[in-house]
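Participant: Once you've looked at the hints, dock chain B against the given chain D.
Protein chains in written order, with my numbering: chain D, 1 to 216; chain B, 1 to 260.
Simulated from the structure, these hints should not be mistaken for laboratory data. Positions of the beta carbon are idealized from the N, C-alpha and C atoms, including for glycine. Watch out, some of these pointers could steer you wrong.
[What the hints assert, rightly or not] The following label-pair restraints were derived from C-beta to C-beta distances:
#1 D:S108 / B:L34: 55 to 63 Å
#2 B:Y12 / D:T32: 31 to 39 Å
#3 D:K97 / B:K26: 14 to 22 Å
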Amino acid sequence: MKNKCIIVSSLSKNFGKLTVFSNAEITIEENTITALTGKNSSGKTTFLKLISGFLLPDNGKIFIYGQDITTNRSLSKKFVSFAMNTEYGFYPQLTLKENLIFFCKVYSKSIDEIYPFIDKLNLQNFFNIPFSLLSSGIKTRLWIVYSLIKNPKIILIDELTKSVDFETKQMIYELIKELKTKYGLTILFVSHDLTEINSLCDHLIKIENHKFVEIK
Amino acid sequence: MNLIKNIIKLIYSFLYKDVKTLNYYKFHSIIKFLFSFVQIVIFYYLCSIVSKEYFKFLFFGLFFSKIFFFTATTLTETIKQEQFSQTIYNIFSIPYHELTILTSLFFAKTIFFFFELIIFILCFILFFNIKLSFFNIIFLFFYTIYIILVFLWYTISLCSITVLIKKSEHFIYLLNSLIDILSGVYFPTTFLPKILQHISFCLPTTYILSFLRNAVLYSKYNLTLLIYPTIIGTIFLPISILFFNIILKKLLRDGRIAIY
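Next comes chain D alone, as it looks inside the complex (with noise of 0.2 Å):
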């Protein structure tokens, strides 16, 4: 029996008129790989938001490791990184090099612990490219790695192989295997791809009608 690493209890978020959940529950054991999916506009990201943080529920509440990350979110911080989905979210004029290096720093890290994903997701030939110069697939890896620096025991990836080529998401998969398996980390991802679901997840998740449905 795996320990619970996320709880949700009672959750409720609106925007406005629109209801994301309604009085939804879903535990998350440690250690596995978790995929979520559902339609355009379910909720996804407004959970993988909510785990990390940067939403606050209406209603509920959110356990990370027993401790409610909706009164103290410093928690999720501290154990929670978030691979989004989006071509922004780091220093345009900035290489990708002084971009890690700079985070780096933050986390009191040097680029050499990380090196073994930069290897991983063959990031070193674009070292010296202002990040508003790479193209999608590149961000994506650079999302991936950035979410490593700070050591987390929960990774969350927003659609994480959308625009990456074939070769690349086979990287990633390798990649998120072994986070699971030699590093013990817990993996929540937005999918929609069957095959990526099937050959990665211990778990699925769907949202529907505001509300978690366990499909696996």
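Facilitator: Below, chain B without anything else, positioned relative to chain D:
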């Protein structure tokens, strides 16, 4: 102690980022300096119509205005840039309170600002015949730190207003320009209409500027002038932090933290 250590670490990281960004925009920095220089030249010749003494009076007014403008707008500008580049998510993921992160960003920019101030003073000494003793320069350094600290509440409040109502630049510029005029940056407050003199009397900036001019121009250090601004700064700082936290909670509920 741990908090100070963390802030120093963050300031160091943000300095690295700012140096790299500055290097990318080096041409912009030169133009910015030239723009300020041309403005001062215009002021210098305008003042020569009145008297040399007036230019000295204006110089310390402009010096104060520069510090006050920096203090008032830096946090607002910083958070705006972080929202534009969406780096605010990554910045606010750093495991410290948002205000600690923003304050560190602010202090990193303050280090650059000190270099800017040194160039500003050097220009005045070299090109505009302003005489400053070594003691005066040391005094200006510490007094600048005092001004920044005493108006931290103001920058935190403006930052909170900006993240809440967005697009508040013109409001801030208007407010700062009014404060400049009412505090006596350009001319003595006695020239203001009676009603505006009452408002000027209530502004902490008036006393800070008055102390600065008395100290550097006449070597008079009337510390009682600093009591009122220090009290205001001490009372309003915790209030502004509370205000920021309330606004932050609201934005986290609305999901508008990264939107400008």
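Participant: Could one say that the CB atoms of S108 (chain D) and L34 (chain B) fall in the range 55 to 63 Å?
Facilitator: About 39 Å separates the Cβ atoms of S108 (chain D) and L34 (chain B), which means 55 to 63 Å is violated.
Participant: Is 31 to 39 Å a correct range for the gap between the Cβ atoms of Y12 (chain B) and T32 (chain D)?
Facilitator: At roughly 37 Å between Cβ atoms, T32 (chain D) and Y12 (chain B) fall inside 31 to 39 Å, so the hint holds.
Participant: Given the hint of 14 to 22 Å, check if K97 (chain D) and K26 (chain B) actually sit that far apart at their C-beta atoms.
Facilitator: 19 Å, holds
Hint 1 from the list above is the single one not met by this structure.
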